[in-house]
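Keeping the supplied structure of chain A fixed, place chain B upon it in accordance with the hints.
As you go down the protein sequences, you meet chains A and B in turn.
Position one of the first sequence corresponds to residue 9 (the numbering used here), numbered consecutively onward.
Position one of the second sequence corresponds to residue 4 (the numbering used here), numbered consecutively onward.
Mixed in with the good hints there might be a few duds.
What the hints assert, rightly or not - Not the full set, but computed from the structure, chain B residues with beta-carbon under 10 Å of chain A:
1) Q32
2) G36
3) P79
4) F100
5) S113
6) L115
Said to hold, decoys possible - List time: in silico SDA-like cross-link candidates among lysine to any residue, alpha-carbon distance up to 25 Å:
7) A:K97 / B:F20
8) B:K277 / A:R308
9) B:K34 / B:D81
10) B:K122 / A:L172
As the list claims (entries may be wrong) - Listed next, the stretches of chain A that the computed footprint assigns to chain B, with coverage defined by at least 3 CB atoms under 8 Å from CB atoms of chain B:
11) 192–203
12) 235–249
Quick caveat, the hints were computed from the structure, so don't treat them as lab data.
Nothing here was measured: the structure is a model prediction, and the numbers come from that model.
Positions of the beta carbon are idealized from the N, C-alpha and C atoms, including for glycine.
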Amino acid sequence: MILLLQYTLIFASVLMLVALGGCFAERSGVINIGLEGIMVIGALGGALVMKFLPVSVGVLPMVAITVVVSALFGCIFSLFLAVAAINFKADQTITGTAMNMLATAGATVAVKAMNTAASNGNDVSSDIAYIHAKDLFIVRLGQFEFNWFMLVAAICLVISYVALYKMKFGLRLRSCGEHPQASASVGIHVQKMRYAGVLISGLLGGLGGIVYITAGVSVWKFENGVAGFGFLALAVMIFGGWHPLRIALAALLFGFLRALGNVYAGFDFLMMLNIPSVVYNMLPYVLSLVVLAFTSKNSRAPKAAGIPYDKGTR
Amino acid sequence: MHETQYAIEMVNITKKFPGIIANDNVTLQLKQGEIHALLGENGAGKSTLMSILFGMYQPEEGVIKKNGEIVKIHDPNDANNLGIGMVHQHFKLVECFSVLDNIILGVEDSQLGILQREKARQKVLELSQRYGLSVDPDALIEDISVGMQQRTEILKMLYRDNEILIFDEPTAVLTPAEIKELLQIMRNLSAEGKSILFITHKLNEIMEVADRCSVLRKGKYIGTVDVATTTKAELSRMMVGRDVEFAVQKDEAKPEQVVLEVRDLSVASKLSKKNAVNNVSFQVRAGEIVCIAGIDGNGQTELVYGISGLEPVQSGSVLLCGKDITHAPIRKRSLLGMSHIPEDRHKHGLVLDYTLEDNMVLQRYFEPEFVDKLGFLRRKNIRTYTERLIEQYDVRSGQGPVTLSRSMSGGNQQKAIVAREIDKDPQLLIAVQPTRGLDVGAIEYIHKQIVAQRDAGKAVLLVSLELDEVMTLADRILVMYEGEIVGQLNPKTATVTELGLYMAGAKKEDV
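Chain A with its partners taken away, still in its complex shape (with noise of 0.2 Å):
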């Protein structure tokens, strides 16, 4: 039970930083379809934080540190996106499939030459491992493992919802995902808020890739990029209506889902239903093809989300 709650924690946590992240995106205006492959290259910079940095540097430093390379990581690996859909007003949707196929593929590339060049040849796998590492980001309180990663998505969280529905800049932010148009008029530099916005985006998408490697196991083979937890995300970002606390809310229903797939085995009414792990699996993902089948009629986008921003059209 308390390893569900664990499992359902953790993984609502990463849910809800990419999901916060696409909600920052698109409310300035640009779809992130890229945020999978923002979590990869996240979850990059991050492993290879935790695998390089001595574990002697304290649990403070290892914390920081691993969070602020892996938001990094993602931060500048959204600038395609960015450069792509603001400046050249290119496809959003292409510009963000692209970057999943490149940033899966590139991460394996890299972590394989590196475990090759490191190995002689022997390891030619893309896997990286960070166990001693892992052990610092949890707090065992009683049977329940306290990971700092939940207090880093509880913190974005409280963030998020200020600065999007508190402050300035969220006005603004969101003025240009609705009508842009009306931005400009009144002075604001759409695009600079939409740098903003798809930056942001990077920055969370990275975090929540490197909690989501994290999460389970203390090795990650690149190959496998993160199974489709940023489209999930995505799910999360639509079903909780672009609204961060209601992001959250959704992000728990999806993570307690998930977690069900890797805990099953602990409940002896779920065992007893004899039902193949696989369903378990498949849960989250065919409720999020459901609930997104229901909602997405009522689902209310930004206006000029995926728009590229024109001068020009009044």
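Relative to chain A, chain B alone:
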């Protein structure tokens, strides 16, 4: 020497776009505290001139002076700093934001980045009291009326302490009562010392409210006149370059057999659970123009969708020349003699990325004249046909039949649709707001065509929001209010005031 101090001056402005001179040596001088009208047809360069004043474009030549000193305006922020504010024709409001958020957007008061909404609310309420601009600061834009949206736009300018207020075609979207209110607000503002630039092509409003009027024609500055010493005829001559007939010449209608019969028609609404059209019945006879009047959004659009087949009807029936077409497909309606000049010419009238000639045969490409037995289009015939229509209906386009429809001006797009629909030689012509957004020259032309159709013995169903249009064209007026027909009037005996009462739902009769 007597020298007037101008609040703002645009001197010898020239702005060129590829292939066109939008403003050619234009001078505009706005006195402190006056209401100055800027008059011109569509495409005369009014919007460009205002965009320059507002910092959206930079002119190639000419300068802008404020209180006699040359200023540079690079972006809307500069304009705002100089006290220039603008109510755009298409409101620049974020629909899912509250009125208050829209007003403060861009000039937010904040501490450490956190918005100080309470302070802003006080100022907004104060301003709305002082100028009689009633708004609810917490209502969302999407929930409030167009009139209140406009007041929000005005408050936006006042909140920024703007001294020079530009109104770009502000009355186009308003009901008669709201127009009256707006003109009063403009008078109040000018009495408080604000200088107002009023862009319009409605002469009545200029005569009523403006002090002076500057006229543009095809990018050129024609002149500035004192409104008190001029006439509507004079202004329109300056605007169009020739005399314009305001009243359409038309004889008594001679209605004959019933062409269109609508019985107890109900059409569902997209927006709410209530029916948009509720139990509407009427007839249109050959040789008469029946006009559906009403304020926008009272079911006119849905009524026409039901009759023309764009939307399924809920109940009731539609008969064209005695044949039941309630559930007939659109092509069948067309073949039975229904022509439709749609409300939204971009959505339902033209395929914008098709050439003009392809658009002209949209409803007729399957006729033997335009397609051979194997299914190949007879391009040559289509070309000849289009050339004839262009010639006959004076449709102006850059490259003739092969012009991309999107690149044509609104007026010529509309003329093309009118040509296509009329040339089908219909029994029934449905025209929905056929002159929306067009200039006087084009309006005059389209009105003449509609009357000519009537005189040729066709039945015409006209839907219009413009009271002038309703009064001049209609032989019979039906007023729609909340999905029902609430009155039938004779334009010869009815007054505009009476019509307005019906439109506002204040008066009702059993029809």
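A quick look at each hint next to the structure:
1. Q32: violated (25 Å)
2. G36: violated (25 Å)
3. P79: holds (5 Å)
4. F100: holds (7 Å)
5. S113: Holds - the Cβ of S113 of chain B comes within 10 Å of chain A, reaching about 4 Å at its closest.
6. L115: holds (9 Å)
7. A:K97 / B:F20: Given that 25 Å is the threshold and the Cα spacing comes to 22 Å, the pair holds.
8. B:K277 / A:R308: holds (23 Å)
9. B:K34 / B:D81: This hinted pair holds, its Cα atoms lying about 20 Å apart.
10. B:K122 / A:L172: holds (20 Å)
11. 192–203: This one holds; 5 residues, not fewer than the three required, reach chain B with a Cβ under 8 Å.
12. 235–249: violated (count 0)
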